[in-house]
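Chains as they are written, first to last, in numbering that gives the first Met the number 0: chain W, 0 to 85; chain U, 0 to 590.
Keep in mind that the hints were calculated from the coordinates and are not lab data.
Where hints are given, some of them may not hold.
[Stated by the list, open to error] Chain U is faced by these chain W residues, among others (derived, beta-carbon under 7 Å): (1) T9; (2) Y10; (3) L29; (4) L32; (5) I34; (6) A55; (7) G58; (8) V66; (9) A69; (10) K70; (11) L73; (12) R74; (13) V77; (14) R79.
[Unchecked claim] Chain W is nowhere near these chain U residues, computed Cβ spacing over 12 Å in every case: (15) V51; (16) L54; (17) D205; (18) A381; (19) F505; (20) E552.
The beta carbon of each residue, even a glycine, is placed where N, CA and C say it ideally should be.
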Amino acid sequence: MDTKTPDKKTYLFDKPKNVRRVFIFFYSTLVVLLIAEFFVHKHPHFPWEQWWGFYAVYGFVACVLLVLVAKYILRPIVKRREDYYD
Amino acid sequence: MISPLPPAAVFILGALLIPFFKGHLRRIVMLALPVLAFINLIHLPLGDSWVVPFLGQELVLARIDRLSLVFGYIFILIGLISTIYALHVEETLQNVAGALYTGSALGVVFAGDFFSFFIFWELLTVFCVQLIWARRTRLSMGAGYRYLLFHAAGGLILLAGIVMRVHHTGSIEFGLIGLNGPGSLLIFLGLGINCAWPFVHTWLSDAYPEATITGTIFLSAFTTKAAVYALARAYPGTEALIYIGAAMAGFPIFFAVIENDLRRVLAYSLINQVGFMVCGIGIGTQLAINGAVAHAFNDVLFKGLLFMTMGAVMYRTGKINATDIGGLYRTMPLTCIFCIIGAASISAFPLFSGFVSKSMVMDAAGGEHLRLVWFILLFASAGVFHHAGIKIPYFAFFSHDSGLRPKEAPLHMLLAMGLAAFLCIFIGSFPQYLYSILPFQPVGYEPYTVPHVLAQTQILFFSALAFALLLLSGIYPAEIRCVNLDADWFYRKGGRFFYGLMDTVFNNVNRVCDQWLAKGVTGGINRFCRNAPVRISWWLLMPFYRLGKHAAEKSRHYAQTIKAAVENGVVPIGLSAAVSGLFVLLLFFLN
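Here chain U stands alone, though its shape is the one from the complex (with noise of 0.2 Å):
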């Protein structure tokens, strides 16, 4: 038996040859690949192997324990779900794109030293670009650049960071860090912004809604869940992140509930979730690690599904803005359960996966007395009912009847969406399997107890009670076409500004100075120079035509008589040889 590779070596591999491939012979490689890469996962031991000698250190592409493997399976399970339902997809930029964003995730999680993670980081960024700008669209291409330079600057302060930490420590490992002194803050502030914590979220609700329809389901996966990960490994216990896990938690519901575009909904959604898991990682006891993993688990794909049911709904009809669509039930009904599936799941309904693992999180803040952080949350989980849970679904398959008729989704769409759904549904039903994969043995954890369950119940069924009432009495703000701003006014208007402010500034400092020193003081120094040898000849002849008679009237016409001569370098022989004497012995008596 050849021995296993590298994690992320399958997908990488594998995108390489899929440019050879066309038709079905295509779409059977890129089926096979998170098959073979989760064999070749199984295979791998416990434990650093792929240990590669490096300028004195050591780099470790394949670190194995309990915590990498959860996200391994994961982002091994949705690189197949994504891939089933791009199937129709034949584009190989996307199709590379996407196998190779799959396998640098793989290679975050599996890097067991600084250098290793760093490379597969940023490639997350250069692969996660190019299934933005796939879509080919104004606003795509603008927000991949914007994408592209958040998270270029994001690369670059962790990059600072990783420099300090390792010229302090010697060592390129990459484990356990903890906020202590200025390496870890920038490591901290990088994994942040690829977090998307408040503030530096934008890149996230700008740039996601404008992807390709199958790429946003790679991308809701990756790169938060990644930068999860890394806070669970380097982070853990920091209670900064207590306070910026609850903010996540809390602010974005505010938007997505005046949100227009439902992929922009399920973008703010994505924050808020995360905002859990972050919450969770702060706490730091084994219950919340348990938890925040549990929740990036489920949360990979039920917030997969849901995007895959709006990919599906824009697929159809071309719309994706609440104003547009509406009452798509009638003709997409299989698409419009497995969307309320996906709510039931994000918005923790018994029976369904976010049920298990959010509460895991909620518990453990409680079980600290985490007073105020734990009415954030709670306020989080009646609001992400609100948004995710009935929003999406009303809006996009109820509501108003917007006269579209389209076809249900393709084949392969269902597929992945109904393998999402089954997986979102057997988890939260069967808490026990997600259990056993968690870092922390035993969980120890029963979510299904009477008074959970009933409390659960409550605060959802009466956050509908509120949606409907609301709704019923016209308060429910209307869906209107418009942008909200968010934090990113200050880079996208400020970027203007400040590009009109240095524009004023700095082309007016070219023009003054076009004007004094190219043609003012060059200018000067040139005819200077051109006149010099006339000017210099005059002043040492001059005295001597002065002693002569009628020195007055033939002054102006010895001048023009020099000024001609050495102007056309016709100089008499004994004038160049008086002026040269002169001249020598001018600097004689200056020396």
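Okay, chain W solo, but in the shape it has when bound (with noise of 0.2 Å):
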């Protein structure tokens, strides 16, 4: 099962050019979304969705929120080592 042969070839993401592509792409495509948002007309159900980058800054703060959250609340009171139950 164990199929561990370290090799010298290198893949894909271990060229860091090819990562650093990746995040340009990703940084630029953020920026075209915030960008589009200018043109289009929009018909919600909330007055708060038509505020400017509402869902951009939502997703991001809920994220973040979250990460805090599970890390610094909740992983303290439930985590147990690993042999707890047995």
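Since each chain comes alone in its own frame, lean on the hints to assemble the complex.
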């Protein structure tokens, strides 16, 4: 089952250049998404959906909060050794 | 042409044939079952058929309407996909249990009466447990037993509700119930346990990651979706479901973020997705119900796909904890691509299946102006991308290089994953085909509007930004080998506490009883009975001896004489006659 065979081959993301490309693509998409919002006519259910960047900010803040709460509040409460139930 | 069978029958009868075949023949039989079941299903007429008289009531084994058909299609489809995925497994128990499990799920969906519904509902549990135990590890044995106990309890609650309901209405027909009275409340709870509501969800996150690699694909599809179907059938528009669904969508993502076992991460995200469905059923508008059903359909595919990719990783490396794997894209590129497709679908990226169904529930919540619920669902959408959309592919296939260089998944697994991945993209790109089989027609919902696509893409990309920044800054919680407590603590530790308590209390009661009753009182009675003839004879005769001369000196001698005589059964006739006579006299006076 164990297939640990160290190899010298370099793969796609072993080159920092490729990783950088992904990040450049990613960051430029973010900018494009924010700019695109100026040209979109919305017809929302709630007033705050019309605010510029509402979804972007909500997505970002939600995930930061999610991780902070999970890491600093939930984990200290629920984390136990792996053999806790044994 | 032979007339079509009840939908469940093809799988159940077919499952009984499986043990008689071996090798390729068995594979052909197993692959033929879903195909035959599908052909059988489309030949069944709309409405009730296979109506069987039963104790003055009617069992309906094939209630075909738009709601049951959608679930029937997806169950047969995932039955086919999981069978392809499991082609390497030639183990009669698993093969048969898988087919029977699929058959039971179809039985639940097409049952038109409480009796057959309940029977199939319980069979789901029975065959599901086989797929958990089939892994044959100590953890899977424990998880299987807990699963069994949990669902046995849920089944009893459901049964109690059904009995009250049938007693009240006089009919065993299973249809719209709604919350009205204790019977319906118990049925509601019984269904909720299978639906993994908050606090009763632990059987899912506990057992699914412990099942066999192939069994989990079956598991992720049937039990919860059958419960979603039952809720959509019996409790559409029940307000409580909105909040239960929102809670289900919200809380598991926190657990998923800190979980190390990637299949358990998927189990938590399964609860999160079912939350969307439950919420949609609770909202109860046509759009919401359509959305819930469409999301159930899609979830079976993309969650199945994600479990399949993680199963392939496990099959090749024998590991599933994020701490042990990583960097597998190098040698498992196809599995990696399929995983990303599944992740994009569950995260509801435009052009992927989740997008066209999750947004229906969101839109319905917005349309009803359920502000809080809408915010929670939006939070859950961002969160699911975070933990299932990014975390799963990232930690398995990228992240740190674990040094593992496993082979690509075997061909049949790639085929199964490829089929599911294709369907995820196909449904996402051409939603009209899925929409055309939804319960309420016309669907009249257009997911691909510019603001919607933009809003969804923004939320996903900026969640990804949050993930990237947290990871680069080192704040993202490191993967740690650990157990995370959940509500199952109450019965896993509570069970032990209860055991200990019962052990102390009852064993001590037992000990005391043994000492006092068994040894003390019984011994006393025993001694008394053994000595009774001697004592009674002595009491009766003593006064007469006392009358004689030298009574004081001789009484000891007499006592011994009487004792020896009575104990050895050699009492002189005169003496026995005297004692008997005196005894009769005594009784006479006492009366």
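Could you work out which earlier hints the structure fails to respect and list their numbers in ascending sequence? 1, 5, 17 and 18
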